[in-house]
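> Build out the structure end to end from the sequences listed, making use of the hints.
Chain by chain, the residues run as shown.
2 protein chains.
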Amino acid sequence: MIKAAVLGYGTVGSGIVEVINTNKEIIAKRLGDVLEVAYVLDLREFPGNPVEKILVHDVDVIMNDPEVKIVAEAMGGVEPAYTFAKRALENGKSFCTSNKELVAKHGAELIRIAREKNLNFMFEASVGGGIPIIRPLIACVTPENILEINGILNGTTNYILTRMTEEGLDFNDVLREAQQKGYAERNPEADVEGYDACRKIAILSSLAYGGQVDFEDIHTEGITGITPVDIEYAESMGRAIKLIGRASNKDGKISAMVAPMMLSKDSPLYAVRDVFNAITVTGNTLSDVMFYGKGAGKLPTASAVVSDMIEEAMKYGENVKILWDEKKLELAHYSEIENSFFVRLSKGEDFDEERVVKAFGDILQVVLESRPDEYAFITPVMSEGEFLKKYESFENRLNMIRVG
Amino acid sequence: MIKAAVLGYGTVGSGIVEVINTNKEIIAKRLGDVLEVAYVLDLREFPGNPVEKILVHDVDVIMNDPEVKIVAEAMGGVEPAYTFAKRALENGKSFCTSNKELVAKHGAELIRIAREKNLNFMFEASVGGGIPIIRPLIACVTPENILEINGILNGTTNYILTRMTEEGLDFNDVLREAQQKGYAERNPEADVEGYDACRKIAILSSLAYGGQVDFEDIHTEGITGITPVDIEYAESMGRAIKLIGRASNKDGKISAMVAPMMLSKDSPLYAVRDVFNAITVTGNTLSDVMFYGKGAGKLPTASAVVSDMIEEAMKYGENVKILWDEKKLELAHYSEIENSFFVRLSKGEDFDEERVVKAFGDILQVVLESRPDEYAFITPVMSEGEFLKKYESFENRLNMIRVG
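Protein chains in written order, with the numbering used here: chain A, 1 to 404; chain B, 1001 to 1404.
Some clues are possibly wrong.
With a cut-off of at most 30 Å between alpha-carbon atoms, the simulated DSBU-like pairs for lysine-lysine come out as follows [to be verified]:
id, chain 1, residue 1, chain 2, residue 2
1, B, Lys-1003, B, Lys-1321
2, B, Lys-1327, B, Lys-1358
3, B, Lys-1024, A, Lys-250
4, B, Lys-1321, A, Lys-117
5, A, Lys-29, A, Lys-53
6, B, Lys-1347, B, Lys-1253
7, B, Lys-1298, A, Lys-265
8, B, Lys-1347, B, Lys-1358
9, B, Lys-1250, A, Lys-24
10, A, Lys-24, B, Lys-1327
11, A, Lys-298, B, Lys-1321
12, A, Lys-321, B, Lys-1029
On the chain B side, residues computed to face chain A include the following (Cβ under 10 Å) [unchecked claim]:
id, residue
13, Val-1019
14, Thr-1022
15, Cys-1140
16, Pro-1268
17, Thr-1285
18, Leu-1286
19, Ser-1287
20, Phe-1291
21, Lys-1294
22, Gly-1317
23, Glu-1338
24, Asp-1362
Since the hints were made in silico from the structure, they are not lab data. C-beta: ideal position from N, C-alpha, C; glycine also.
Quick look at the structure:
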């Protein structure tokens, strides 16, 4: 029997206990041993809940029990998760987590400590919920020079954009409805401003490029500025607007960004609707592969944590190599990232088309019959810096969206 | 340095050498050592090709070189691949392969031998080309009771069905064109009759359920009977016809099948076009995850083989547990598998609608304006056996397709 502890009995934490109980037999068969949750740590009481029997309020009970070999954390936030992770590893326990803040901030250090202790620090559930993406990055695309990762990494924003697209609704109306349905938080900032996706692409790019990508370095834009008119334009071009987390390696120049992008039908991400997440990985010899599924939810996320617990149980005392060095990876500055851009200008009386062409070069004009008062176009590929300088010289600018 | 040998210098074999040469540095970084192809086995000569320097015609040279730790096979066919795999393992070499015939037929035995020798037998490229699916099944969905696997596992047939759908073309015309373009073999039987997909779903179901699923036991239908009219009907219902390999576990009753199915837009496989492959895995707590990409092609397939070589190099002398027992898994008989069915009958003068309703129960009639001479409908869910008995009692039957 292998004893484990679960830190936090919220949505994911209680899901972990549920997955292990529900699939006891199949887990025992695959693991070749019984995985038992010996403790659950939570400050709250759960009167009448079977978890009471294994509930503890003091983390020391877990840390000091030498029989506990695996600690799974689902509390969220950097602290006290970080302190608990270090203590667990230093006390001879492998650690796994669904906590993207913890992983984005301290992943590299915790991976190093686990390696030094011949233990493991795993985090499959920290990106994409139940979608296998961390393990495939570590163990499957190993021969690849990873040219690009593109991800729809946040279910709430994808749900909002899908509703806006399919029903022509306004951002605020859909957000309110999503909050009522429980698809969006009461404080939706982390989702709609892209902060959640930013931490996730920081984790993926750290793994893809083997060094520490600080999420603070990643230029991040959310979806609050996307309007039904933008979506109308996108649809007229056979495109869809998605919030994309992107990491790329162009001739050794690594960059990362989160922003709404207009995807064409050729992108496998184009058809990813509602709360679903998906991540494409582009390798120089592999070309594109995509991983798709529900990016959140109690049981799918818990299942990913339990897959880590099973691997850690199978490999207790043996470190699985993860290339994510503590050394900071210098990203190319945001202004150097290249893209083409969709631009909308208002067409007042003194509108000067020639000035636009002079500024942006060979543009592709997009005409919407319903918007005679606008001048919209797609620019050639140029750097963000170059684009912004040009774009900001127009006082009549309405919006701009990257073309993905 | 870790020495490897490649058996077969055809499309995939030469791709393996190319991937290793192209991505030498990144592979060395991830592996922590240099992976070197010391030998390539092929009966042919390749005058002027750099492979000449490492080309051998006698497999004994490889088997007898104790420095060769890894053998990658890309010859195809059961023999001599099977003999070589056994010899390699018995001579202390881990073995990996892209060869679905070998894996479907002898996978369980080779996995056992590898385990006994503390070596590995790996086969990521045998299903889905470059798409990571074998490793996710072995290492990611470990907590899951796998309820169902559905796969578009053959690129040629998916290409043909896509062209038929999008251009209203006839099967034979598209096949001929696909052959001219090199997307289909001159002898297309293995693809269009579903034999290729059958071996692949046999491999996936063996891994999902931990025992030997013989491909000969899997009811297999190809796409040669699909007509533009069937596709017209499917489209009128917002559905797409895809060749699906399916394995499922219903209350412990395991079944597998390959057949064209009509998928609704709700299926993530619906939008998988052209030569792309995709596999959904449905777990009882995970729900659906999908893996998507190019299911064939020289470099993507080779990349998957090289990912096996890298893992085998990292874990030389240590067996990675794969649950695929030699004991045969008894599948539920084909006639017990449940589905609903789309049926087309010709509507002669004496057509008797009441007889249809009496036979099939609550049906959903599908009317195509362009087909006044047909009576088409979807049946309730019933077993294949029950369905066939009813269906075959109608002399005026035109076609039937499962509703997926």
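> What are the numbers of the hints that this structure violates, sorted from low to high?
2, 6, 22, 23, 24
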